[in-house]
Amino acid sequence: MSGDTNSKLVLRDFSVFHGKDHSLRRVSMDVKTNRILGVIGPAGSGKTTFLRALNRLNDLTPEIRTEGTALLDGDDIYGGSYDVVRLRKRVGMLFALPVALPMSIYDNVLYGPRLSGVRDRRRLSEVVERSLTAAFLWDEVKDRLQMSGLRLSGGQQQRLCLARVLAMEELEVILLDEPCSGLDPISTAKIEDALTILKDRYTIILVTNNTKQAARVADETAFFLMGEMVEMGPTGTVFTVPADPRTGEYITGKFG
Amino acid sequence: MRIPPRYSQILAVGLMGAATLLTLLVLVFVVVFVLGKGLPAVNLQFLFGMPRDMGRAGGILPAIVGTVLLPLVAIAIAMPLGVGTAVYLAEYTRETRLTKVLRFGTDCLAGIPSIIFGLFGFIFFVVMLKMGWCLLSGGLTLAIMILPTIIRTSEEAIRAVPNAYREVSFSLGATRWETVLKVVLPNALPGIVTGVMLGVGRSVGETAAVIFTAGSALRLPATMFDSVRTMAVHFYILAREGISAENAYGTAAVLIISILLINLATYGMMHRMLAARTK
Chain A
5 MSGDTNSKLV
15 LRDFSVFHGK
25 DHSLRRVSMD
35 VKTNRILGVI
45 GPAGSGKTTF
55 LRALNRLNDL
65 TPEIRTEGTA
75 LLDGDDIYGG
85 SYDVVRLRKR
95 VGMLFALPVA
105 LPMSIYDNVL
115 YGPRLSGVRD
125 RRRLSEVVER
135 SLTAAFLWDE
145 VKDRLQMSGL
155 RLSGGQQQRL
165 CLARVLAMEE
175 LEVILLDEPC
185 SGLDPISTAK
195 IEDALTILKD
205 RYTIILVTNN
215 TKQAARVADE
225 TAFFLMGEMV
235 EMGPTGTVFT
245 VPADPRTGEY
255 ITGKFG
Chain B
128 MRIPPRYSQI
138 LAVGLMGAAT
148 LLTLLVLVFV
158 VVFVLGKGLP
168 AVNLQFLFGM
178 PRDMGRAGGI
188 LPAIVGTVLL
198 PLVAIAIAMP
208 LGVGTAVYLA
218 EYTRETRLTK
228 VLRFGTDCLA
238 GIPSIIFGLF
248 GFIFFVVMLK
258 MGWCLLSGGL
268 TLAIMILPTI
278 IRTSEEAIRA
288 VPNAYREVSF
298 SLGATRWETV
308 LKVVLPNALP
318 GIVTGVMLGV
328 GRSVGETAAV
338 IFTAGSALRL
348 PATMFDSVRT
358 MAVHFYILAR
368 EGISAENAYG
378 TAAVLIISIL
388 LINLATYGMM
398 HRMLAARTK
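As given, the protein sequences belong to chains A and B, one line each in that order. Oh and the first sequence: position 27 is 31 in our numbering, straight run, nothing missing. Oh and the second sequence: position 90 is 217 in our numbering, straight run, nothing missing.
No lab work stands behind these hints, which were simulated from the structure alone. Just so we're clear, the structure is a prediction, and the values are computed from it rather than from any experiment. Heads up, a few of these hints could be off.
Cβ-Cβ distance ranges computed for the label pairs, FRET-style [to be verified]:
1. A:M151 / B:L387: 28 to 38 Å
2. A:N10 / B:Y219: 35 to 45 Å
3. B:R230 / A:D223: 48 to 58 Å
4. A:K24 / B:P131: 48 to 58 Å
5. A:R134 / B:T302: 18 to 28 Å
One side of the interface only, derived from the structure: several residues of chain A facing chain B at Cβ under 10 Å [as the list claims (entries may be wrong)]:
6. P66
7. V88
8. R90
9. R92
10. L101
11. L119
12. S120
13. M230
14. V234
Built from N, CA and C at the ideal position, the CB exists for glycine as well.
Generate coordinates for the entire structure from the input sequences, incorporating the hints supplied.
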């Protein structure tokens, strides 16, 4: 039932219910390893629900339940014995609004590694430098790592959040929920640059309101509408010769 | 007839300003009155001396020691229980009929007059458990009395921690407990401290519940099972029995200054905690 071996995540007839609402309708897809999947669609199309289902953050909302299968490396992440905490260490998430925790930049980055029990100071310092560098933030903060993360600008905070995700040693998949919606063009460009480099190591799913952003960075693009996945394919194809007329209408701005 | 907005605005500011001023004046008057009558009796000998002749002469050292120890015992018992309950209610349970009943119960508990707690403590700890009038009986009774306040203020403080912090913590692979320890409690701390200090304030000023459970011995306590007298009780007994009005006011002055100092220290501590987070 799973796709080919290059697939990191495989969904089959995967549905999410929000109380009585069917927020995600029988989605089936294969997310390829070391690729960026762009997810586009108007507000309320189920993009965020889809993303939050993949690291089971939806578990925190009691009214939400799921149906169908979601496989990470072939294992059903909704299986009874699946370790949710471990899942979230492998599948990291960047939220729409940058949320620096009210602690120093240094402690923000190390939140994940310390949970995993890393205590060695030299190793921790290395993780901080490596992660902040990968998030294009190191040069701006290297002299003030003990400063509160809350004092950074919005764009810097979002890169701090990215660094915090990248610091997790078991990380394999990065979920991004409209990570640039509140950012200026320069911060946005920095995040996009980081993503195109990071896909060599990670599998990335980027939900975005900005169709141009998907066109710029995504290898494949999926179009969601009212909880349904209308189509998914190579970004070039979806943007130039979409299989479904609704996709073309959305991309050219006829609705949404 | 409608008052023009410009004038109703002036009127409102004037009325509310007057209310504030009146409140402040009453407060200042009480403090100045008590300090004026009491401070002349206060000197080093009064603060650090043992009382003689039922308190007619000598100092109030045992009462000061009692005032420090009794709230400490009460807080040591009530804080873990109260904060634990608050964490459980806010983080581990969904809003159900049970939590509503629990919350209603704690609200009712908070409104019960202290003498009822005193009576309960007397019957339960002093008599039934044969603990006698002592520091521990009094501490347990005061703990029960201030528990509702600590639970409610802590729960509010915990609920006020932005949910986004929790989501971030979970998304980075933290368990619920790790999230509580590393994100929720540190951010709720100022609110929790406020609740605890309200409890300290009530314990320091309490008389009825203390007389019934901790007794009123004028000795320095050596163990948890010795009776103690707090400054509030000392004041009450000196004034009620007509022993010494002068020393009663002296005790009241020391009590008021202690409460002012406790509040100042708390504010200072909270400011430093809040400032440390955005440094």
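Okay, the hints, checked on the actual structure:
1. At about 35 Å, the beta-carbon gap between A:M151 and B:L387 stays in the expected band of 28 to 38 Å.
2. Taking 35 to 45 Å as the suggested C-beta distance range, the pair A:N10 and B:Y219 conforms, at roughly 42 Å.
3. Between B:R230 and A:D223 the beta carbons are some 52 Å apart, a value that agrees with the proposed interval 48 to 58 Å.
4. The given range of 48 to 58 Å is respected by A:K24 and B:P131, whose C-beta atoms sit roughly 53 Å from each other.
5. Range check, A:R134 to B:T302: about 26 Å between beta-carbon atoms, so the 18 to 28 Å window is met.
6. Among the interface hints, the one on A:P66 holds; its C-beta lies about 6 Å from the nearest C-beta in chain B, closer than the 10 Å criterion.
7. Here the hint on A:V88 is kept, as its CB sits about 9 Å from the closest CB of chain B, short of 10 Å.
8. Proximity of A:R90 to chain B holds as hinted, the smallest CB-CB distance being about 7 Å (cut-off 10 Å).
9. Using the Cβ-Cβ criterion of 10 Å, the hint placing A:R92 at the interface with chain B is satisfied: the shortest such distance is roughly 4 Å.
10. Interface restraint check: A:L101 against chain B, minimum CB-CB distance 7 Å, threshold 10 Å, status holds.
11. Among the interface hints, the one on A:L119 holds; its C-beta lies about 5 Å from the nearest C-beta in chain B, closer than the 10 Å criterion.
12. Evaluation of the A:S120 hint against chain B yields a held restraint, the C-beta minimum of about 7 Å falling below 10 Å.
13. The beta carbon of A:M230 is not positioned within 10 Å of any beta carbon in chain B (closest approach about 25 Å), and the interface hint is therefore violated.
14. Hint status for A:V234 relative to chain B: violated, with the closest Cβ pair at about 28 Å, above 10 Å.
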